[in-house]
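Peer 1: As a plain string of letters, each chain reads:
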Amino acid sequence: MLDLDQVESQFRASVKVRPKLERPDVSSVLVITDLDSDERDAFLARIRHFLKGLDDEQLVSWTVTGREDLTTVRAMLAKVEASKPDLIVAYRHLFEGDQDLPHSLGTYADMLTQATSSPVLLLPPPKHTNFQRATENSDKVLVVANAIVGDHMLVNWGLRLVEKGGELTLAHIEDDAVFKRYIDVIGKISDLDTDVAREQIEKKLLGEADGFLAETCERITEAYPDVRPSKLVRRGHTVKEYEALVKDGEYDIVVFNTKDEGQLAMHGLAYSIAVELIDRPLLML
Amino acid sequence: MHEVPMSTTLLFLGILVAMIASLALEEKLHAKKSIITGVFAVICLLLGEVMHLIHRPEDAHLPLYIPMIDWSVIIIIFGSSLFIDVTSRSGIFAWTAIKLTKMSGGDPVKLLWYYAGITVVFSAVLNNVTAMIIVGSLSAVSLKKLERENLLLGFLLVEGLLTNIGGLLTLISSIPNIIVGTTAGISFVAFLYKAAPYVVVATVATVYMGLRAFKIEKLATEDQKKNAAELVASFDENESVRSRPFFNFSWTLLGLFILGIATASVTPYIDELGMGFVAMAFAVVALIRIKHEPEKAYVAIDWDLLLFFAYLFIVIHVMEHAKVLVLIGSGIEALIGLGDTAGPLALLWSGSIASSVTDNVPLAAVLAKILQGTPADSNLWWATIFGCNLGGNFTPIGSASTLVAVAIIHKNKLPMSFGGFVKVAAPFAVVQLVLASFYVLFVV
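Chains A and B supply the protein sequences, listed in that same order.
Just so you know, we're using my numbering here: the first sequence kicks off at 5 and counts up by one.
Just so you know, we're using my numbering here: the second sequence kicks off at 632 and counts up by one.
Bound-form chain B, shown alone (with noise of 0.2 Å):
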């Protein structure tokens, strides 16, 4: 490795931090994520390359900035957005909402157990921020239906923290996820066998703490009870479906995705491709679905996201042969360096509240690159995952989906300000991180 002088290192590390406050400020400068990334990448490709910090390998016949990109990642979001929008477009997702609605008979308690059930389904196998549109729309919808609107405000923030207590249970359902896990080498089976315990007490708790603090009680009388499910009654899970076969095709197609996911690195040629080709695989097959408009799916694609990862990659890239990285892993390696006990805990507890404030995707890509050659079954892993993903819950910009579930909540004329926010939501994220700090020195 190449000598670079402190100041280069410095000036780099103003260059990351300057990113990282406009990603927090993102909102305010009314730039999207990809845009802001962009810049920096461009800044920091230019600089490098004056700097001469970035070496060109001899046999390479690609632009040195595209191996800096890691396309395992990219790839994955990509083919899991496109398989995820073409399926969602059969209606199975709104048609499972629906009929979960209905069977609640309208009762309160019962919807808020359902819907927090399926946010964190929904944010599990699609991604946070679709779970939250799906579960937040309907929870709207059915509770004006039902004459509830009082408690809007309650089940939207209960299942905005959900979204990430639900983006916990794989790898491949948080950006934080694929990042650490794939670095660390995890694999989607031993990933789900270890978050899954956690995901279903913390959901637990944070329904429960839910259903007291915004008073969400069972109806009480008969009447009540056969009112709230003729109210429920009018809801017809049917309307979403366009087409029998197509709805039938997409569950189908949805369970051999997962099951095709889980087992991508145990099974034979398909371990070699990697989680990527699955997701780009079973993306390709539902395109068949709607071969004559495939541009409808690729149109709903969210190439800021992506784009944000590539530049994003780009700078961590540049920033790594700055010795930025070596900079910052050395207050890690301080933070580490506290014991058994509370190296993780600082990890895990620091790590949520950068993660409250700024988005978690740097945040995990730059810690995945420093605790790289950390072995798999290290709980330094797990701190890092249970921080990026679980800080979110702290403040309505930690995460997207809490962003959607504010807009849903505004959306509605309901008040929430920032203030609010997080008067109502710490509670939960801090009992959310004692659990995980448990989880994280007993259980993984």
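This is chain A alone, in the form it adopts within the complex (with noise of 0.2 Å):
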């Protein structure tokens, strides 16, 4: 006799979701520095250089703000807030002395990333010694998330960035502790066979995000020819996987989500990532 909750399973474990590609609209862009007047040219070119995958789409409207213009936190969102570009870009310790501090984004770009809505493309600071090598290309692309299924924009904002010719990779790394964790309290319930659940979970989890990835890149593959995708799907410890990979396959730049539901603030794996890797440009949703 069939288990009424199975075939409910069955049947929804039959609906798949689909990637839907579309590279984002981005016709403004909010340049955010604490640059004196004279420097400020100087960068907005580097940045166009380093972005110019977006001139290449369509045309964009740049502007570009410095010491002068933001004296305080309240006065850089209200000038977000009055422009509402479709991206800001800015770096780290923005109006900060120390240009180099770990762990950390700094007051005015942590604001920038939770009280926002438009994505925020975070380099390191101009001083950095990374600087210049960080923001050299944009033809290797990582798109991050532990919820890459159905989550389009992050895929599309990849497509949005990368060089013609560039490699977008879309990975999704399963974490390890939050998978022993459950397998843990399975173990502990004496109606779940823990051998079939550790194998079953583990199947699923990486199966869709496999699925989903595989179809992703097929899709990419016939729609966009200029660009060529690539997929990595598997358990591990995410930030400590993610950090080696981006810093083994030398990634331009990082792409992912900070946002769950419902919160403005930075959600946990984000805010690792994005504290971690100080001397790549991330974009953050």
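Accuracy of the hints is not assured; some may be wrong.
[To be verified] In the DSS-like style, the derived pairs of lysine-lysine whose C-alpha atoms are separated by at most 25 Å in a straight line are:
1) A:Lys-208 / B:Lys-927
2) A:Lys-24 / B:Lys-733
3) B:Lys-776 / A:Lys-207
4) A:Lys-20 / B:Lys-733
5) A:Lys-235 / A:Lys-20
6) B:Lys-741 / A:Lys-20
7) A:Lys-208 / B:Lys-741
Hint data in this document are derived by calculation from the structure and do not stem from the laboratory.
Starting from two chains that each stand alone, build the complex the way the hints lay out.
Peer 2: Written as structure tokens, this is what we have:
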């Protein structure tokens, strides 16, 4: 005799999330700096060189702010609110003396990522030793998320920023610690077979992500032949794995989600990535 | 036949009534059918032995209660259940249901017609409970995906009502069919030939009424159609297919199974072995596909159902010896004696009312015993079959499949009381019974 819940699970599993590919419209970019006016043009030129994929695609209006425009965090947020840019470009430790502090974004950057709805591309500070190298090219983009299935926006932003002929990697790493925690709990429930649960949960978790990313790669190849997509799905220590991946793969931009539904504060994994990967441009959605 | 005092007959009649009442109150008693009938079988056997009602045949070498069980019925149910369980693991039924969902393009009217069709076919080929679980679950998932949860109640009720229509299609589609049909000596093909036109007409009438009663309408605009089509396109029918060779094997075997059952009575050698043999033989062949883990299929067998039948046959056998069936039969004879028109109609309607509040299997078993000896082409058999199957549509406790429908309704947090079900379902059941009355009198 069939079990009602088993049959429902089977049907729920048959509902697949299909990728919806569409490069987002980026017609206005707000570049927030704490630079003096004589340094700003060079900085903007560097950013436009770095994000040449944006200008290739459509006419973009670039606005750059400097030290005298934004004296307080509130003034910065008001400026963002007034201009409603499609993309904000900023860097860590804005308006701070020490721009080399690890494990922090700085107050201004922190507020930008949490209190605005526009995506924020966060760069290393201009005086950081890695700034020039980090803003050289955008031909290797990594899209990161633990809940990538169905998150079309992440993939689409990756597509928008990657240069023509560039490489777009879609990564999904299931957190080993969370997985282990649940399996440990299942191991203490006599009604559930631990081995079956371990095998089935891992298969489903990785299988869903793998299926979605494989289909997304296929669709990208069809619709955007100037982009070379690839996927990576595995289990591991998420922050360490992503850190290693970014460094080994020499990615130019890392795209990830920072907000959970119903809250503005950056969620755990996003914050960890944001403060660990200090020498890479990060697109925070 | 030995003489039995009326007081003894009345005592056993009381036991029978108590058992039927207990089965009707199964949910309240928190006891499964097999436990209820098991207890009454033990009481009947003990009392029957003490009162010298049961006589062991002199050459019998088995415990006397073993031959009381109608093993041909048990083995058909056992073999078919095993066969269906194994083949359903291949995903063929889920695949079909999802394929039809996608073919509907997400249009609610088309979706209801398609789901109605598979409910009837699955009820006929599998059994009505399995059909309700498959189609009801898919309805919940697909309507949620289509953002049409407001239609779910209507879909589930129509599907629940159609399981009992589909259960009329073949000789093995429902337990009353198996019991009454085999007692009457109706072949599989003859049964299908006579029942199919009614099933088609009753299905159309039920769906048509459902569309109107639950205000299920076609999608109006091109945008709505496009959006719905995109949503149902996200279903992947192949998700339920674990192995393509197993999937193809199961389709082939299912086709052969239906053919084997249909031709069992006319195939040399097989006609002697019977439908139970065919069901068991196919179950064994299907099990070869999962030969390393057959216990998974054995565990899935509904042992409660099988033991319920076994105990029920014992109870009815003792009732026969206690002359209870003769007593009930005299009442039935009075009904039948109302004439060629009123007799079958009285049997049909009283049977449906009785089966609306209690299990239709004891009713079918008792009526089959009483009607034994009636010619196979008599419309009294069909009045019994229609009454036992359709009565389940009056109340949520009238059949196991309507109980499943209500369970899915409640699982999806939709309001449905006992009275609410009767209020909505009764017009459908009345129309189905009016159609059946016409059919019994003028067609079969």
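Peer 1: Please go over all the hints and tell whether each is borne out by the structure.
Peer 2: Evaluation of the provided hints:
The suggested pairing of Lys-208 (chain A) with Lys-927 (chain B) holds, with an alpha-carbon distance near 21 Å, which does not exceed 25 Å. Distance check on the hinted pair: Lys-24 (chain A) and Lys-733 (chain B) sit about 19 Å apart at the alpha-carbon level, within 25 Å; holds. For a cut-off of 25 Å, the pair hint linking Lys-776 (chain B) to Lys-207 (chain A) stands: about 24 Å separates their Cα positions. Between Lys-20 (chain A) and Lys-733 (chain B) the alpha-carbon distance is near 13 Å, which keeps this suggested pair within the 25 Å criterion.
Pair hint Lys-235 (chain A) plus Lys-20 (chain A) holds up; C-alpha atoms about 18 Å apart against a cutoff of 25 Å. Of the supplied pair hints, the one linking Lys-741 (chain B) and Lys-20 (chain A) holds, its CA atoms being roughly 22 Å apart against a limit of 25 Å. Our distance criterion of 25 Å between C-alpha atoms is broken by Lys-208 (chain A) and Lys-741 (chain B), whose separation comes to about 32 Å.
The structure shown violates just one earlier hint, number 7.
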